[in-house]
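Next come the chains, spelled out residue by residue.
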Amino acid sequence: MRTEPEVSRRGTARRQARPEDSLPSEFEAWYVEYQSAVYRYVRFRVSTREVAEDVTSVVFMKALRAFGRYDADRASPKTWLLRIARNAVTDHLRSLKRRGSLHVSLDRIPDLVADIPSHDERVIKQERIQRLLNGARTLRKADQEILSLRYGAGLDNSEIAEHLGISNNAVAVRVHRALKRLKASVEAEAPESIDQ
Amino acid sequence: MSDIFHFEDGKLPDDVRSLDEELSSIRYEERPSFVPELRAELARAWAEEPARRRAAARRHLAAAVIVALLLGGASVPSARASFVRLIEVLTPLRAVEPAPERAMPAAIEAVDPLEALVADASPSLVPGDPPTEPIAASVAEVEEEPSLIVPQMIERAEAEELLRDAYPELLQLQGIGGTVRLRLWVDELGRTSEARVVGSSGVAELDRVAVEVSPRFSFVPALQDGRPRGTWIEFSVLFEPDPPRIDRVLDPVVDPLSMPTVDESEWWQLSEPLDLTTLPEPQGPDADVRAAAERSLLAALPDPSVVDRYGPASAILEGVAPESVMPTEWRTAVGAALEAAIERGTETPAVLLALGRIRMRQGVRADARRLFERGLQMTVRAEVTASPWVVAELHHERGTLVRDGWRATSGVGRVRSEAFGSASCSVARSAGEAGTGFASVDRLIAWNYLCPEETGRVFESGFQPHESGSAADLTLMMASYRAAIESYPAHVEANTDFLMILAAEGRWEHVLSGARRLTRVGGAHANGLLLAGMALHRLGRSSEAAEHFRAALSRMEAAEADELADIGLLLRPDDRSRYRRLPGEERRAWEREFWERRDLVSDTEVNERWVEHMTRTSYALLAFGGTVGDAAEVWIRFGGPDTIHIVDGGSGRLTEFWDYGSGPDITFVRWVSSERTDLTPEGRAYVDDLGRIFSP
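Just so you know, the sequences run in chain order A and B.
When we follow the working numbering, the leftmost residue of the first sequence carries the number 1, and every step to the right adds one.
When we follow the working numbering, the leftmost residue of the second sequence carries the number 1, and every step to the right adds one.
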């Protein structure tokens, strides 16, 4: 059973006397618990670690400032944070679109790795990962969203279902379809053309 | 629909299963310091939240007043001047709005050339249909129309709320605002239509929002002689972003992806030898350049008296408190003054540079980096003009922050416990395990000093570097330094840092050509000569190296030259004390005698031992910031190690094992957030022992 940090209902952000370096305890718990999921969700959708850090910072800064308006009746903290993350990523991608750069060169992704002992194999794997992510970014938004929730944030189908407000089965269908489209996209794109 | 049948267990069909596994296997390496950095930033933002809310409330009030005043043009009585100026251009065409329904002052003569064409479409026949474009009437003429009461806005707060909600989030975060001047038709029933932009904000998105939202405003229609009538109104909508919300990281123009990578092109190299006899006199950064940056800083400050209280401007620009004041208070006060410039929107790259430096010293490194990047964005977007020197400083500071991140991860790893295998070190058996499959740092240190040979083998087979983004950091750091040098070629610090990275990699040919270029363009700064000397010696050209070192010494301040030529670390402790107490001339004599006795290859003109010593002290000066300190001491006494293993002890504590080939490694402790590299207690004891054994 999934557990969430204990939060009170509305009006959770009552300020208390605290040292300068502290956060509201509930928010602190969220940060500890969900920072990684948010970061991974964002990283799945943006091109570099630096950008992922920046967008993740925006997400938590926004969440902190909206903390007082968080309503536990409407969404779990994780869902709430991932929604903020989705908006932040959308804003970021929109800005990138204006500048015309959504892909990233294959030699700049050392933070995306797989557990492969051999260095050469790891390099090949990293290139493959970047091709997959580049391919994912060519998919429609709904596909990107569901893939980043599953493979970035690491949500299981029931969590995604809760997040999107749809049934478990609908999630599975959407994931399947998104994967099929991703597969087609990656296969269609020659390696040379991916690496810009 | 067929795929639904595959998902009873949430399992995917075969056609995508391998892709699913592949995507599931991706690991996302986070920069180790990112999580605590962001947490600190959040805590700081939270601590400032009450003040921010108060400030935001004041700003919202001010914004509301401005919006109300601007919108008020449509609702205030005609006697007011501001309204008259609006009415001046609200006025409908008389030709298409025959009085009294489409009232125009009788005195106004229509001049619209389209009059004849549109006369039949008089909106007076169809209430709510707006007429064609109005023409402007003069203020005087409008003021002559006493009976017109213009549309009154209903629910102004709601209108403001609509505008605020529609203000695109991204533009707010980017700090983009503007004023849109709109024209709107309000018919005799108070309905609105035909919104159009008559004065663009310069931001298409804001214009679009204003046009979309304004027809939703509600009005009481204009009245003339007590009867409602349709009329054009014109007003401005001000979009003003909330300064604290502005995110300076979003949409960075200085995108890491667009930064150049280090290459071997000729831009930073100089292959011709230097003529040491014609070097120019030493010079600092161009005084005019600095003065311009200081003026830019001062002009941006809302309260110039801050310079009288906390100046001089040069100190503020450097972010370093003058000696006469308490640094902490100074940083707080000056930081607030610089923040005020940003709040007011008058910041310049120089302001951002100064504030970034203060934030660095306050330990808010993520903030500092954003400020530097914001400064660079301003210059790239040509929002303001900045001197090449300020741009170079911003790039260099940013590169330095990236370097710190790189140093925290580069070459860092752990040693797998299994590597100890059958190795035994009976005396060190009790040293603990970390319990994670990796050897604890304590165990490694103990083994290192008690069973060095075994430990060497353990490192060889079991050292596992972290998977990290250090390669990306390296690229970004070098690109930042390069951008600094390209912006201001004589930037000594950027050149030095750039070349020292190459030196650490043993790329001495590149160091030599880069150092020659630095010497040529940097007013023959001593750093260029030292780097060239180091490179020449490492390339086996000690005689030329000696000339470069002598040239460097002759151009340095006396104290700095003394530090570089100091041989105290090579003397016995009692001799060291006596040597360092001597006046300059006698010290020089001691040094000459010391080196003459050690000129082992006497058939060459140069004393190779002295050149080696100068190479080491130069490296220590440039790499460790001076010849004082444990790392510098070991480097000067024993030279650079063959290899360095850096073991992550957790919580930002790194232990360095300097391997000199035989005997134990010399062990240091370094904190990720610190510049210092100190000997561990065992390392200090070992180095002192070596001093007693090998003392000259």
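Don't take every hint at face value.
[Stated by the list, open to error] Simulated restraints, written as ranges between beta carbons of each label pair:
| no. | chain 1 | residue 1 | chain 2 | residue 2 | range |
| --- | --- | --- | --- | --- | --- |
| 1 | B | Arg164 | A | Ala29 | 46 to 54 Å |
| 2 | B | Gly506 | A | Arg177 | 24 to 32 Å |
| 3 | B | Asp303 | A | Val32 | 39 to 47 Å |
| 4 | A | Glu187 | B | Arg295 | 56 to 64 Å |
| 5 | B | Pro327 | A | Val32 | 44 to 52 Å |
| 6 | B | Ser200 | A | Glu187 | 42 to 50 Å |
| 7 | B | Asp308 | A | Asp73 | 39 to 47 Å |
| 8 | B | Val320 | A | Arg177 | 54 to 62 Å |
| 9 | B | Ser674 | A | Val32 | 24 to 32 Å |
| 10 | B | Pro312 | A | Asp73 | 34 to 42 Å |
Just so you know, these hints were derived from the structure itself, not from any lab.
The beta-carbon is built from N, C-alpha and C at its ideal position, and this holds for glycine as well.
Hints, one by one, checked against the model:
1. The hint said 46 to 54 Å for the Cβ distance between B/Arg164 and A/Ala29, and at roughly 32 Å that hint is violated.
2. At roughly 53 Å, the beta carbons of B/Gly506 and A/Arg177 sit outside the given window of 24 to 32 Å.
3. Range check, B/Asp303 to A/Val32: about 41 Å between beta-carbon atoms, so the 39 to 47 Å window is met.
4. Between A/Glu187 and B/Arg295, the C-beta spacing of about 60 Å keeps the proposed range 56 to 64 Å intact.
5. Look at B/Pro327 against A/Val32: about 33 Å separates their beta carbons, and that is not inside 44 to 52 Å.
6. For the pair B/Ser200 and A/Glu187, the supplied restraint of 42 to 50 Å holds, since their beta-carbon distance comes to about 46 Å.
7. For B/Asp308 paired with A/Asp73, a C-beta distance near 56 Å fails the hint of 39 to 47 Å.
8. Here the CB-CB span from B/Val320 to A/Arg177 is close to 59 Å, well matched to the stated 54 to 62 Å.
9. For the pair B/Ser674 and A/Val32, the supplied restraint of 24 to 32 Å holds, since their beta-carbon distance comes to about 25 Å.
10. The supplied range of 34 to 42 Å is broken by B/Pro312 and A/Asp73, whose beta-carbon atoms lie about 57 Å from each other.
Of the numbered hints stated above, those contradicted by the structure are hints 1, 2, 5, 7, 10, listed in ascending order.
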